[in-house]
Each structure stands twice: as C-alpha cells, then as structure tokens.
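Asks: Spelled out, the chains give:
Protein chains: 2
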Amino acid sequence: MIAVLFGRYPLSPLRSGSVRLVIARCEVRYTGRLTATLPEALRLLVFKSDGSVMVHADTGGYKPENWMTPPTAIEERGDPLERIVVRKLRSDDRLDIAISEVLSDVSHALGDARELEKQGVETELQEALSEATGWLEPGLRLVRREWPTGIGPVDLMCRDSDDGWVAVEIKRMATIEAVEQLSRYLELLRETPDLAACRGIVAAQTVKPQARALAVARGLDCVEIDLDVIRALREPDLTLF
Amino acid sequence: MIAVLFGRYPLSPLRSGSVRLVIARCEVRYTGRLTATLPEALRLLVFKSDGSVMVHADTGGYKPENWMTPPTAIEERGDPLERIVVRKLRSDDRLDIAISEVLSDVSHALGDARELEKQGVETELQEALSEATGWLEPGLRLVRREWPTGIGPVDLMCRDSDDGWVAVEIKRMATIEAVEQLSRYLELLRETPDLAACRGIVAAQTVKPQARALAVARGLDCVEIDLDVIRALREPDLTLF
DNA sequence: CACTGAATGTCGTAT
DNA sequence: ATACGACGTTCAGTG
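So the protein lines, in turn, are chains A and B. For any residue, its number in our numbering is found by taking its place in the first sequence, counting from 1, and adding 10. For any residue, its number in our numbering is found by taking its place in the second sequence, counting from 1, and adding 10.
FYI, nobody ran anything at the bench for these hints, they're computed from the structure. All C-beta atoms in this analysis are idealised placements derived from N, C-alpha and C, irrespective of residue type, glycine included. Worth double-checking, as some hints may not be accurate.
Derived DSS-like pairs (lysine-lysine); straight-line CA-CA distance at most 27 Å [unchecked claim]: (1) B:Lys128 x A:Lys73; (2) B:Lys98 x A:Lys128; (3) A:Lys73 x B:Lys98.
Quick list of simulated restraints, FRET-style, between CB atoms [stated by the list, open to error]: (4) B:Lys128 x A:Glu111: 21 to 29 Å; (5) B:Glu125 x A:Ser171: 54 to 62 Å; (6) A:Val116 x B:Arg151: 56 to 64 Å; (7) B:Ser171 x A:Tyr72: 44 to 52 Å.
Build out the structure end to end from the sequences listed, making use of the hints.
Replies: Set out below in structure tokens:
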C-alpha cells in the first residue's frame, strides 16, 4: 500500500483525540448508495479523529447534509486547500469536497471522553410490567421473562386466570413490526403441543392504529400501559392520590 | 411571554445563517424520553441558527453524543459561560450543559445554502418503474401507484398479460422486511374476491439472499432492477450502446 | 396535528 | 459478512 500524501496531511490528518473544524465555501458530492450533490455554499466541515466526516449547513438540525462514517481514507490537495476526497474503506462510497474558499480551519485536541450512560425507558417498562402483569389482564401472572424461542426471546410469558398461556411483547411504541414480531413467536410457540392455544398480547405505551388493526386481524390483544400507573403499583408506599 | 435573558444572549443567540462552535470542558445531561448523562470532558458544541444543538466527541462518527432538534429555546448563564440549558418547545425534553472551561467559542456566518439534491432514492425507483413495468415482467402494465390497503399503500398495482393482478413492492435494497411487507399486503388484498389470486413481486436494485429465499418460499417473485437501464427505457433518445 | 414509511438511516449484537 | 432489532431514531409527506 502506498501512502496517500497530497497537500499538508498524510492519510489520517488528525492525531488521536481531536476534531478539525473547517468553514469553507465548497461544493460537495456523495456517490455510493445514491448520489447527493450540494451546490456551492459556505458550510461547516467537521473531521473527527476516528475518520468521520460531516458536512453541515446552518440549518437542518441533527443531520449532516453529507457525511461519511468510519473507516475512511482522507486525501487533501492544494495549499490553500482545494479539494478533499473521503473514501470509505472496503466500499465504493466517496465524498468529494471541492473547496473554493477557506474562512477558517482549526483543530482542537479533545482527549478521551468517558462513555455515555443511558437509562432507557423500554427496559424499565419490561421490569415494571414483569411485576405487574395483572395490569395487562386481571389474573395474568408471570411465568418467565425473556422466554427463549428459536428466533429470539418472548418478553414475558404468562398464564391467565384459566391457566392458558399468554405471550407478551413489550414496546415503548407498538408499530406493525411489533405485531409481526409477536406473530412470529406465536407461530413457533404454537408448534409445541402445550402451547398450541397460546394467546398473544402487545403491550406498549402507545399502540399505532395500523398496528392495532393488524393485531386484531391476527387475533392478538393490544394493551396501552401507563408507566406512571405501573410504577405506583410497584411502590405501594407511593399512592396515586 | 417573558423573554429569557441570561448571560450574553437572548432566547435565540444566533442570527439567521450562522453556526456557533464551542470547545468546552463540560458535563451534559439529557432528560426526556430517557436520561442520558455525559461525564465531564472536552467536547465540541455546535449551535445552528435553526435552534439545533449538538454535542460531539472526537469519536463516535456521524451521531452527536447528545443533541436537541428544533424548535428549541436556549438559555445561557454566566460570563464566562457556566451553563447552557436547551429546552425543546412544546415538550419536556431538555439538555443541560454544565461548563467548567471554554477553550474556544466562535461563530461563523454561513448564509443560505441551496438545497441538497438526491438521486437514486426509492421514490425515483418507483417513478421509473411505474413507466416501465414491462421491465419487471413482459406484458405487465400499471393500474395504479400507491394502491391503498388498510395497512398502507402497495407501491405498484399491476395486471399481467393474462389480466391477473400483481402487487409490486419496491425497495432500494430488499431485505426480509420487504418480503414481509409485501406478504402483509397480499394477505389483506387476497381477502377481496377479485384479488384472491393476486401475485406479488419484490423489485429492488439489490435483493439480499435471505430475502430472496423467503420470497421464493412465500411464492413471491424477485426482480433486481438497474436504474440506469430503466432510465434509458424512459428516454428512448438515449441509447445504451 | 397525528400518522406512516423511507433513510447513504446509524448502531449494537448475535449468528 | 449478514441479519435483526432498537433508536431520544430523524425526516418528509399526507390526510
């Protein structure tokens, strides 16, 4: 492999732990899974040390107008900067940045950042419901969380007041996909004689209308759950009123 | 409404058409659909004039570690900067940025950027195919695009050379999910007597092997399409050779 | 405003 | 590598 050495920088222009911010008048073209062209304008270019490249306008929120995720190889040409080509390794994707004017070009060392900690809602929903299955249906009791099947675990496996089996799929928001997922599980579960009559319940904070329609067509029940109410059920010392 | 005026800036700190880039040692906390906390570290903060806020590390690619999409209200406190609170309007989402050190704080006017042009998205495939259904199968003719069903529209509804109905699902890349989607449509369509024998075709630029296998097992056809070839069909003055 | 489906989705994980 | 599910998905289009 021959090192790529155009312009001022070698293949990886950034030392570990830094970002490079370029304000430049440029035209950008992405070719790969599709072709996306940005006409010439002043834009913000962000180069991260992991090889990420982002092209941002001053609007458009969250999403870059164009970008490339790692791993990448970055070539630069010209001094002053005229052109940057970002290639995605092991792929034909590429980002061509034609630069006509550089207003600013600075790098900042950032160092290593410890990791982001997330406390999700979905897990909490499952934990809460597993201790309050009666809220889904009177008399429903938990047999096991994460009941294994050949194609993935059922969130909750329960038995109803008549001892009939009930599989529960939990989502924050239930879409058609949630109904499909539960349908697949049931299809498999019902091959087991004991579970031939297993019912299904989709439990979610919100159930999309089309998901509900499909669930009904498939003979599945839908239950909308209120996390606050369930939390209250779990903590009897906290009353709702 | 009382204007929010902490620190140096009023509610919307940026004039139209600019970005503000801050390199700062900070701790960030998002609360909303979940709670996500970033421990103190040097980070890049990007404020766009549309109200977007992004918190980036030097790694992690494409995605900000934390962010807020418009519409937002931004409060700043302290000089030097100590704290930034970003609130999402009409929502309880908020981003708290506690700043211990500012290494850089610059704004750049970017002006208005003309829009991004994309080629090769699914819509384009659908447009092209709708005028060249014969390419999918000899004699196939379009009856209607976006044929409505209770669970969403069928991309193309056609009739074949024997006047039999054919539902077509179009994807850029067909995965198992595309096959599932078409299966759902057919399940519903076939409840209508006239459509009881409706066939299905998955049309995509690329069809994943497992998607093809599932399609075959379900009695659906798969066709890989070449957008360039179809374009050529639509524009007879352009020949392929 | 709510709902739906596409996306260069991205990102992690299990197979 | 591929498939699959989750994501603070985001985003655009439509009723």
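Asks: Confirm or reject each hint.
Replies: For each hint, the structure was consulted:
With a C-alpha separation of about 15 Å, the suggested pairing of Lys128 (chain B) with Lys73 (chain A) holds against the 27 Å cut-off. Restraint check for Lys98 (chain B) and Lys128 (chain A): satisfied, since their Cα atoms lie roughly 19 Å apart, inside the 27 Å limit. Proposed proximity of Lys73 (chain A) and Lys98 (chain B) is supported: the alpha carbons are some 17 Å apart, at most 27 Å. A C-beta distance of roughly 25 Å is found between Lys128 (chain B) and Glu111 (chain A), which places it inside the suggested range of 21 to 29 Å.
The hint said 54 to 62 Å for the Cβ distance between Glu125 (chain B) and Ser171 (chain A), and at roughly 59 Å that hint holds. Under the hint 56 to 64 Å, the C-beta atoms of Val116 (chain A) and Arg151 (chain B), about 59 Å apart, fit the expected range. The hinted range of 44 to 52 Å is satisfied by Ser171 (chain B) and Tyr72 (chain A), whose Cβ atoms lie roughly 48 Å apart.
No hint from the list above goes unmet by this structure.
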